[in-house]
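Since each chain sits alone in its own frame, please combine them into the complex, following the hints.
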Amino acid sequence: MSLIEVKDAGKTFARDEGTFTAFEHIDLSIERGEFICLLGPSGCGKSTLLNAMAGFDLVTSGSIEIDGKEVCEPSDRYVTIFQNYGLLPWRSVQKNVELGLEQKGLSKAERAARAAQYIELVGLTAHKDVHPRQLSGGMQQRVAIARALAVDPEILFMDEPFGALDAITRMKLQDDILRISREQQKTIIFVTHDIEEAVYLADRIVILTPNPGRLKCICEVPLHGYRDRTSGDFLRVRDKIFELFHMKAENRIEYFI
Amino acid sequence: MKKTILKARYAVISFIVLIALWQLLYTVSDFNEALFPSPFKALRALIELAADGTLFRHIGTSLYRFAAGYCSAVVSAVLLGLVLGWFSKAFRFVDPIVQLLRPISPTAWMPFIVLWFGIGDVPAIVIIFIAGFFPVLLTTVAAVANIDPIYLKVSRSFGIRQPQLMWKVIFPAAFPQIASGIHLALGTSWIFLVAGEMVGAQSGVGYLIIDARNDLRTDILLADIVVIGLIGLILDTLLKMAEKRILRAWGGAA
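Residue numbers (my numbering), protein chains in the order written: chain P, 208 to 464; chain G, 12 to 265.
Mixed in with the good hints, there may be bad ones.
[Unchecked claim] Computed footprint of chain P on chain G; a stretch qualifies when at least three of its residues, placed anywhere within it, have a C-beta under 8 Å from a C-beta of chain P: (1) 137 to 149; (2) 158 to 168.
[To be verified] Derived list of chain P stretches under chain G, where covered just means 3 residues or more per stretch with a C-beta under 8 Å from a C-beta of chain G: (3) 273 to 283; (4) 292 to 299.
[Said to hold, decoys possible] Derived lysine-lysine pairs resembling DSS-like cross-links, with alpha carbons at most 27 Å apart: (5) G:164 with P:315; (6) P:315 with G:179; (7) G:164 with P:335; (8) P:276 with G:179; (9) G:179 with P:302; (10) G:164 with G:179; (11) G:52 with P:302.
FYI, nobody ran anything at the bench for these hints, they're computed from the structure. All C-beta atoms in this analysis are idealised placements derived from N, C-alpha and C, irrespective of residue type, glycine included.
Same shape as in the complex, but just chain G (with noise of 0.2 Å):
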């Protein structure tokens, strides 16, 4: 308890030295306050947006989208990893497709994620699962491949097989790998959605950027900016905190 408020008396002096900078900057600068709003207008932004409930709804929408696109991603990465993990030689044959997609912006495939999903929820979620699929994938194959080699010994000693040394054995031993990619595969994810919902999207905090940058509202803009970054941070955070704990239960170093 003592180390979280500690941790967090360096989060809390950190931004507040980075809003005294932008205050800061803002004073000391001649540019138009139409072009760049001032700590205090985009607080007052973001009351505004809160009061009317709007802000709320684009983060529950955005949410919903990420949860779907990222989970998805999560599940079919691992799982297609762990498979293609202990069927080295498939891997071979399937590696060059994932190293030639995966350098590929997710953002790339708009223009087709829309002319076959339309817009709505869909576009953002395909986008972010390509964003998180392939970290996650890449990840899981090499943590498999990366499993000490004593513990299949004595998986054979004992006669263990597929499929039950496969989540007896195989995933336990590499999911601390696994655990990492997860993690990663979490911040691109988050990334990708802002850009998924700039484009095909109505709603979500992505649109929202869209939304105030068509009405010049650029208090509203860097507001929902903060707010991007703060849901980013959130989640990181909890992802950390559920990592620890699964490690811990699994008797890892915590």
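The following block holds chain P by itself, in its conformation from the complex (with noise of 0.2 Å):
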């Protein structure tokens, strides 16, 4: 059975001028280890079905299950990273990774060498007494990774998360994605909007359309292993997608003889 079963899955919510539907007939089935890109235009209901898999806004119709379960509330087995990190600003970045860990009765020590051992992975040891508003966005947004990953969850949940960084950073990132995703065995569900990242990403594509959010096909990278943004099978991937949502320019040139 999949980890995640999303089984005709809708969000409906009441609006003062009747009611206005996210997504809806959302069918997805996800394994194990798997690294899923959910991609689409603004609007396309994308971070509320993340919502709704990831407990904090569930749907109105259908079912989502993770492990044969069905999703009522977040749990720390499978945490959510957001777009503006949520670091708790009156916390150092060792003690940000460590709110996760005193909720599991850890002995002081315990919980601070665990976090120490996150902050190594995301490779902030340097930084790891200093406050969250003296790093930058891509250096905050690591440390909300390592927070994540120091409770072990099963799942990552990660909502546009390097969608504020500027590009150079944003691709660093992406790297120590895809390299955490590895190590860790970790299942990760990405929301972007960006083509690119999700190709550079994903095992699996799925692509929504907006108004309201429907699923319109589920799309494989078959680039297993080492992903190179320049080569050939990357940028023909990338032409699938970019024809799919209809933005490739036809080829209109006139032949003369």
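See the structure below:
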């Protein structure tokens, strides 16, 4: 059985002037260890779908099951990483990473050791005693990643985590998250509206269309192992996705002989 | 350090100008000296009060009352505000009562307070409490309501529940805004300390005003007013420093 089973899921919000459907009729199965990107333009309900899977905002029709159990609340078995990091500004990097561990009944020393281990993993050991405000956006998101990994979750939900970063930092963090997903063998569900990001990261890309959010197709990315942003395979997959969004310029060259 | 000296320079210059204006006004006006004392006379009265220790006794009493009233107001208003801010539905019932009580000047309760608690420390403490309580309560409730929802989402994600959620996340997240309420309440409370002591006490800097008036000692009156202002200024500066230090320790914008 798949790790995550989404069956005919839909989400409707009550509004003053009636109802608003964020997404509907979504079916999706995700296997353990997969890296899935939810890709689509804004308004396609991809973040809402992620929130529903993470247990923040439950579906109003259909069902979402993780490990055969209906999702009804957030749990530290599946942690969410947000675009604006969600670090607690009054805590140092070390204490931020310890946050999730404080609920686990570990001793102080164990907590500190485990936090240090994950801070090391994201390469911030030198900054463990500073406050988040003193770090760049990319470093802050690394802290959030370390904090999420420290509780050893099975699934990482990532809601446009690199959306606020500059292009170069974004690419570095993409490499990091790929490396981490392999080393730590996590299942990752990653929301993005950046086609290249999705192609670079995902094993499968779930493409959604807006108004209301519907599943357009699920696209396998046959780029196992090492990924190269300039390789022909990479560009081919990217082109295919561009076509799916009808964004490729048509060939209108006229021929003269 | 250099900055403090620079800031102090501005304060010194403005005080000198103020005293000069006072002296000027005294020189050009033809008020009776008993009605409008000169700065020099007020200073002499101040020295007289300080020399026999009366001034410091009164200041000590006032500061004790202030500390008791203000601290209990801050602690109880913050605690209640955190709870009401979290249970926002309950606050909808409490809010009308608060809005009804808030515009009533604390001194309006004075007759009751004196009837119930007699003359002494308690009336002033109660007045200060009322004066400080509402601003802190309302800013705390608003601060809790304004917390960035992402903190709550992160907490849910890691399974942090009440009561830990309150002291680990909600209170520190709301603290910068709560601190501004605490700061605001300091000034209000100090203002009402004087009012409280003018009616319900036989000691303190507020009572000293009444005492000086009864003796027709306008020089003492004015000296006392200056002292009240200076203590207010010092308390405000101390709180500002403490606030800054806490915010910096918590990684906030200093």
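Consistency of the hints with the structure:
{"no.": "1", "hint": "137 to 149", "verdict": "violated (count 0)"}
{"no.": "2", "hint": "158 to 168", "verdict": "holds (count 6)"}
{"no.": "3", "hint": "273 to 283", "verdict": "holds (count 4)"}
{"no.": "4", "hint": "292 to 299", "verdict": "holds (count 6)"}
{"no.": "5", "hint": "G:164 with P:315", "verdict": "holds (25 Å)"}
{"no.": "6", "hint": "P:315 with G:179", "verdict": "holds (16 Å)"}
{"no.": "7", "hint": "G:164 with P:335", "verdict": "holds (23 Å)"}
{"no.": "8", "hint": "P:276 with G:179", "verdict": "violated (30 Å)"}
{"no.": "9", "hint": "G:179 with P:302", "verdict": "holds (11 Å)"}
{"no.": "10", "hint": "G:164 with G:179", "verdict": "holds (14 Å)"}
{"no.": "11", "hint": "G:52 with P:302", "verdict": "violated (59 Å)"}
Of the hints listed earlier, those the structure fails to meet are numbers 1, 8, 11, in rising order.
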